[in-house]
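Colleague: So the sequence lines, in the order shown, correspond to chains A and B. Sequential numbering from 1 applies to the first sequence in the UniProt record's numbering. Sequential numbering from 1 applies to the second sequence in the UniProt record's numbering.
Calculated from the structure, these hints are not laboratory results. All C-beta atoms in this analysis are idealised placements derived from N, C-alpha and C, irrespective of residue type, glycine included. All clues given are correct.
Reference listing, derived: stretches of chain A covered by chain B, where coverage requires no fewer than 3 residues with Cβ under 8 Å from a Cβ of chain B:
1) 61 to 68
2) 127 to 138
Straight-line Cα separation of at most 20 Å, EDC-like style, residue types lysine to aspartate or glutamate; simulated pairs:
3) Lys64(A) with Glu53(A)
4) Lys64(A) with Asp80(B)
5) Lys185(A) with Glu46(B)
6) Lys64(A) with Asp74(A)
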Amino acid sequence: MTTTSPAPEAALDDATLAGRARDGDVRAYEQLVLRYQGPMFRLAARMLADRAEAEDVTQEVFLKAWRTITHLNDDAAFAGWLYRMTTNRCLNVLRARRVPADVDPDTTASTRTDTRPEHATEVSSQMAALTDALQQLTPEQRACWLLREVHGRSYDEIAEIVGANSTAVRGRIARARAQLAEVMKPWR
Amino acid sequence: MAVTHSTDNDYLLPCGRGLEQVWERLDDPDVDRHEASCPHCAAARESLLTLRTATRELIDEPDPPPPDLFGRIMSAVRADVRRGNTFTLDTPHPGAIQVSEQAVAVVLRFAADTVDGVRARSCRVRSSEPGPEGDQVIAVDMTIAVRSDAHSIDTLVAAVRERARAAATARVGVTLGRLDVTVVDLFEADR
Numbered sequence: 001m002t003t004t005s006p007a008p009e010a011a012l013d014d015a016t017l018a019g020r021a022r023d024g025d026v027r028a029y030e031q032l033v034l035r036y037q038g039p040m041f042r043l044a045a046r047m048l049a050d051r052a053e054a055e056d057v058t059q060e061v062f063l064k065a066w067r068t069i070t071h072l073n074d075d076a077a078f079a080g081w082l083y084r085m086t087t088n089r090c091l092n093v094l095r096a097r098r099v100p101a102d103v104d105p106d107t108t109a110s111t112r113t114d115t116r117p118e119h120a121t122e123v124s125s126q127m128a129a130l131t132d133a134l135q136q137l138t139p140e141q142r143a144c145w146l147l148r149e150v151h152g153r154s155y156d157e158i159a160e161i162v163g164a165n166s167t168a169v170r171g172r173i174a175r176a177r178a179q180l181a182e183v184m185k186p187w188r
Numbered sequence: 001m002a003v004t005h006s007t008d009n010d011y012l013l014p015c016g017r018g019l020e021q022v023w024e025r026l027d028d029p030d031v032d033r034h035e036a037s038c039p040h041c042a043a044a045r046e047s048l049l050t051l052r053t054a055t056r057e058l059i060d061e062p063d064p065p066p067p068d069l070f071g072r073i074m075s076a077v078r079a080d081v082r083r084g085n086t087f088t089l090d091t092p093h094p095g096a097i098q099v100s101e102q103a104v105a106v107v108l109r110f111a112a113d114t115v116d117g118v119r120a121r122s123c124r125v126r127s128s129e130p131g132p133e134g135d136q137v138i139a140v141d142m143t144i145a146v147r148s149d150a151h152s153i154d155t156l157v158a159a160v161r162e163r164a165r166a167a168a169t170a171r172v173g174v175t176l177g178r179l180d181v182t183v184v185d186l187f188e189a190d191r
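Let the hints inform the model, and build the full structure from the sequences given.
Modeller: Right, here's the structure in full:
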């Protein structure tokens, strides 16, 4: 079929696109991918400190979302649903990473600096320090902190995403913030 | 900044203030007397401000996904297209044409979208009993969102019916029998 403009879906809201995607409309889903691949990739890259793995996670999440969108009851909740799948997938990847038995996990958590996200604009030493410091948080703290501070999700949404209550989420974010602030001390 | 672990949700500075309290007051120009003179609070504020600056850099950093990621995702999705059911179209020629219910749904959604103030959402198409002249009749459930300042819903739904019926006949070659339209949402004029 023909349409009156190149991509009329671009003007549509998430709920409309999700409703159409549930009916099997690939073009509507394409628009959702365009809209959310960046945020999901960035979340995964910061969670995993590995761009190649983040790419795989993002691809898996969008394919799984396409296959299971019929289970999404509330079309307006599409973004939160994607965040939940991405976060869970990242947490699973992190759990699956094998820690050598004879090494103390507390001291090895931040050794993957060789694979941390490298980007030309990451020139600020403050930001590099923050990027490294993020890897010293527990994966759950890191997820909560990133979702709140970088992706602007509400405490209730994060609770839904990580499957905890919002008090626990606030606690994790507070702990993460205290730890990150401590690390940032030399840069103040 | 020495912090002591006190409760699940807060970290007490040596002066007794919680780190979260300092964080929440970071943009508050009316710092209270304690905070104005307390070196612990001052140090905590500075560390938190540094963290916030670095966080904003992290947010502003474009860090685009790899250029081929979109293509890879969509290739996987297209390979996994849910084609759904098909039904047979009557043709004056030998042989039969199968058309997927999904393809018809796209046409009907597009027809509904042409009504000012309407956005089609889901559209379920199924074939029903043949019409009196042997023509293929379809039954459709459609949900729509309407613009909050648009015409009355009755007017909009009537227009949707008219366009959908015309499109089914003219663009697909089937007769639209039953069409259930449900208004499920409102949207703002500027979105």
